[in-house]
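Protein sequence lines correspond, in order, to chains A and B.
The first sequence: position 51 = 51 (UniProt numbering), numbered continuously.
The second sequence: position 265 = 265 (UniProt numbering), numbered continuously.
Keep in mind the hints are simulated off the structure, nothing from the lab.
Each hint can be trusted.
As a list, the in silico DSBU-like pairs of lysine-lysine whose alpha-carbon atoms are at most 35 Å apart: (1) B/Lys32 x A/Lys63; (2) A/Lys63 x B/Lys29; (3) A/Lys63 x A/Lys158; (4) A/Lys103 x B/Lys6; (5) A/Lys105 x B/Lys291; (6) B/Lys57 x A/Lys103; (7) B/Lys29 x B/Lys6; (8) A/Lys151 x B/Lys6; (9) B/Lys69 x A/Lys105; (10) B/Lys309 x B/Lys423; (11) B/Lys297 x B/Lys29; (12) B/Lys365 x A/Lys63; (13) B/Lys57 x A/Lys105; (14) B/Lys29 x A/Lys54; (15) A/Lys105 x B/Lys56; (16) B/Lys280 x B/Lys311; (17) B/Lys32 x A/Lys103; (18) B/Lys311 x B/Lys423; (19) A/Lys105 x B/Lys6; (20) B/Lys280 x A/Lys103; (21) B/Lys423 x B/Lys178; (22) B/Lys32 x A/Lys97; (23) B/Lys232 x B/Lys183; (24) A/Lys103 x B/Lys29; (25) A/Lys97 x B/Lys6; (26) B/Lys32 x A/Lys105; (27) B/Lys232 x A/Lys63; (28) B/Lys365 x A/Lys9; (29) A/Lys54 x B/Lys32; (30) A/Lys97 x B/Lys291; (31) A/Lys54 x B/Lys365; (32) B/Lys69 x A/Lys103; (33) B/Lys291 x A/Lys151; (34) B/Lys56 x A/Lys103; (35) B/Lys423 x B/Lys291; (36) B/Lys280 x A/Lys105; (37) B/Lys210 x B/Lys146; (38) A/Lys103 x B/Lys291; (39) A/Lys97 x B/Lys280.
Values in this document were obtained by computation on a predicted structure and should not be read as measured data.
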Amino acid sequence: MADSANAPKPSSSVKLVLLGEAAVGKSSLVLRFVNNDFQENKEPTIGAAFLTQKCNLPTRTIKFEIWDTAGQERFASLAPMYYRNAQAALVVYDLTKPTSLVKAKHWVAELQRQASPGIVIALVGNKLDLTNDGAGSGAAESGDDSGDARKITTEEAKTYAEEEGLLFFETSAKTGYNVTEVFTAIANAIPETSLKSARGPGASHAAGRTEEQRVNLNGPRDPNAKEGCAC
Amino acid sequence: MDEIAKEYDVIVLGTGLTECILSGVLSVKGKKVLHIDRNDHYGGEAASVNLEALFKKYGNYAKGTEPWKQYGRVNDWNIDLVPKFLMSSGELTNILVSTDVTRYLEFKQVAGSYVQQGSGSRATVAKVPSDAAEALRSPLMGIFEKRRMKNFIEWVGSFDRKDSATHKGLDINNCTMKEVYDKFGLEATTKDFIGHAMALYHDDSYLEAKGGAPEAIERIRLYGNSVARYGKSPYIYPLYGLGELPQGFARLSAIYGGTYMLNTNVDELIYEGGKAVGIKATMTGIEPEMKFETRAKMILGDPSYFPGKVKVTGHVLRAICILKHPLASTNDSDSCQLIIPQSQVGRKNDIYIACVSAAHNVCPKGYWIAIVSTIAETSANHHLELAPGLERLGRIEEQFMGSPIPLYEPLEDGTNDNIFISKSYDASSHFESTTDNVRDIYRRCAAEELVVEGLREGIQVAEE
Ligand SMILES: Cc1cc2nc3c(=O)[nH]c(=O)nc-3n(C[C@H](O)[C@H](O)[C@H](O)COP(=O)(O)OP(=O)(O)OC[C@H]3O[C@@H](n4cnc5c(N)ncnc54)[C@H](O)[C@@H]3O)c2cc1C
Ligand SMILES: Nc1nc2c(ncn2[C@@H]2O[C@H](COP(=O)(O)OP(=O)(O)OP(=O)(O)O)[C@@H](O)[C@H]2O)c(=O)[nH]1
Ligand SMILES: [Mg+2]
Chain A
1 MADSANAPKP
11 SSSVKLVLLG
21 EAAVGKSSLV
31 LRFVNNDFQE
41 NKEPTIGAAF
51 LTQKCNLPTR
61 TIKFEIWDTA
71 GQERFASLAP
81 MYYRNAQAAL
91 VVYDLTKPTS
101 LVKAKHWVAE
111 LQRQASPGIV
121 IALVGNKLDL
131 TNDGAGSGAA
141 ESGDDSGDAR
151 KITTEEAKTY
161 AEEEGLLFFE
171 TSAKTGYNVT
181 EVFTAIANAI
191 PETSLKSARG
201 PGASHAAGRT
211 EEQRVNLNGP
221 RDPNAKEGCA
231 C
Chain B
1 MDEIAKEYDV
11 IVLGTGLTEC
21 ILSGVLSVKG
31 KKVLHIDRND
41 HYGGEAASVN
51 LEALFKKYGN
61 YAKGTEPWKQ
71 YGRVNDWNID
81 LVPKFLMSSG
91 ELTNILVSTD
101 VTRYLEFKQV
111 AGSYVQQGSG
121 SRATVAKVPS
131 DAAEALRSPL
141 MGIFEKRRMK
151 NFIEWVGSFD
161 RKDSATHKGL
171 DINNCTMKEV
181 YDKFGLEATT
191 KDFIGHAMAL
201 YHDDSYLEAK
211 GGAPEAIERI
221 RLYGNSVARY
231 GKSPYIYPLY
241 GLGELPQGFA
251 RLSAIYGGTY
261 MLNTNVDELI
271 YEGGKAVGIK
281 ATMTGIEPEM
291 KFETRAKMIL
301 GDPSYFPGKV
311 KVTGHVLRAI
321 CILKHPLAST
331 NDSDSCQLII
341 PQSQVGRKND
351 IYIACVSAAH
361 NVCPKGYWIA
371 IVSTIAETSA
381 NHHLELAPGL
391 ERLGRIEEQF
401 MGSPIPLYEP
411 LEDGTNDNIF
421 ISKSYDASSH
431 FESTTDNVRD
441 IYRRCAAEEL
451 VVEGLREGIQ
461 VAEE
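Bound-form chain A, shown alone (with noise of 0.2 Å):
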């Protein structure tokens, strides 16, 4: 990125949306890949409402803003407010167990019903180093030599992701192994056109409209607090 200080690279907001079943991982996924960190057992997602973290591709800059659900998935009572204008979504599976796919697959079922129709969809199945063939650290680390918890195969994951046009990685926040790669493969597949500058919070919300008339309510109180955490 030697070269990135003389031209500045066009950047621009995206809106990405966790949706999964609860413990499969999806904060820890965000965690490792804004703050490279993992929590070996973490608290069921209080928080984690809105971060936001770059990344740089060789063209441009793209900004994701990540919404975590705050729970309220859990007992069906999403506000639309959650996936509206959403350009990406990260569809979180634990591949060591086999009702989380069932969830994914809901969660993709009614992303395509519901969501903006351009939306990039990436399926993950996360916990790889729970299993055998696992990002390095294997399953040896989790005290089970007899190998395996993988209940998903990569196969039949993967089968179903092609089938519904999605993007497919197994990942391990753990571990961190593919998780950049998640998210950069999203800024590659999200189309030029739904983007736009960069604008601050909420900034996607916005594609394709007028800046006319639109407030920043919090003025010249706090300019971007709380914001922005470099690759």
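Please arrange chain B with the ligands on chain A, whose structure you already have, making use of the hints.
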């Protein structure tokens, strides 16, 4: 399905704006909140609905027909059930900023604030002048009156309650607003638009209220400051409709651990020794339905969840109208508020028109949504009561008007039974009374004043 805890600090019933702000604030303060709504959507009475849902709610179409289909995609419509605007320097804006809920919402200015003078064919509609310069240009006043109005506006700007030198020789804490107006020699029609379109009183009782002048002056200032903030009008409005507001505060609550359950009926309130201590409820929309019981130290909610504990204080008349053009005499505004002060049309209560359009993502391009409302003064002829407002709309494509909407208030303040009930959303055109209600309920249930400034500072949110 996750477990519902055996006990919460607070159970909140109904996801209207008042309830959602309270949930959000209480969650940020560390309370464990369970928030329930019987509907399948957020917002309760204050929701924004799509056009199909609106037709179905009012039932004004022939069975077997689908009239909404001629108006584009139903989901492009977000029609407010309760029309209001935010004052850009008002308390709701303040709460939104302090809680960072602004991160989930986007606002646009409302393009204009208008007032009607006279009635019928002699009605004039003009912009409400908000500063001295506009007063001098306004068609609402004659040449001498413009000067008086300019003096008045300038005085309001420099007024300081604590500095008697700015009181114009009036005993400001005890005099009436009428006496203040008279000091400036303002005419009746000018008082009318100041009192109703700037101070936003719904009737004229404020004129004669002893000691009421400082409040009236404060309200005029709020109007002026709100205009000054962004320029065109004192009002702002969220993209996708007012229904976004409760959703934003619900998200805030959820981020701080609040649990949300839509589609859930409250079957029974559980009492011990005269105090509410919990609920029995059923979550529907799932197979099988889920019955549960849980306890709480207190229960908050909107009047619809406590039919025996509220009284009716009045009725609002409201007509939601779909137009294919902007309101006449509003400079083709994409949005505006038009106030018809009561005395101009021989009423006791003002008529409000709130108009929004595709510029706010509440309908497809080429449409405007105008909502006419007032407080009912008769027990019949409700169309006639709204007529002066409906006349301003020109051709109406669709009109949705149901029976008068009752306004409820709680019978008790909640200290006896641990049940704290909000008021219905009133006929006012903005949210100042809603935030007053939030503060009042908070004071009663938390036994302290609500201070929103710095609410989230020093409180760690996971990973933010
Ligand atoms: C992209 C997207 C767009 C959406 N758009 C809208 C929208 O415009 N308007 C809107 O109102 N909603 C919208 N939603 C929310 C959506 O319609 C559902 O409310 C939510 O996804 C729950 O799904 P469902 O009820 O279809 O689940 P189902 O397919 O009925 O069930 C899936 C699973 O969830 C469980 N479940 C389902 N409902 C409940 C319940 N009420 N309580 C407990 N468990 C339950 C079932 O038991 C099952 O295990 C959207 C969701 C997404 C992802
Ligand atoms: N071994 C392993 N554990 C993981 C991985 N990702 C997450 N976890 C663990 O799985 C648990 C749940 O992770 P979260 O990130 O909280 O999952 P979530 O999907 O955000 O959960 P909710 O917010 O409750 O819906 C935590 O204990 C994590 O430490 C992973 O890749 N490998
Ligand atoms: Mg989580």
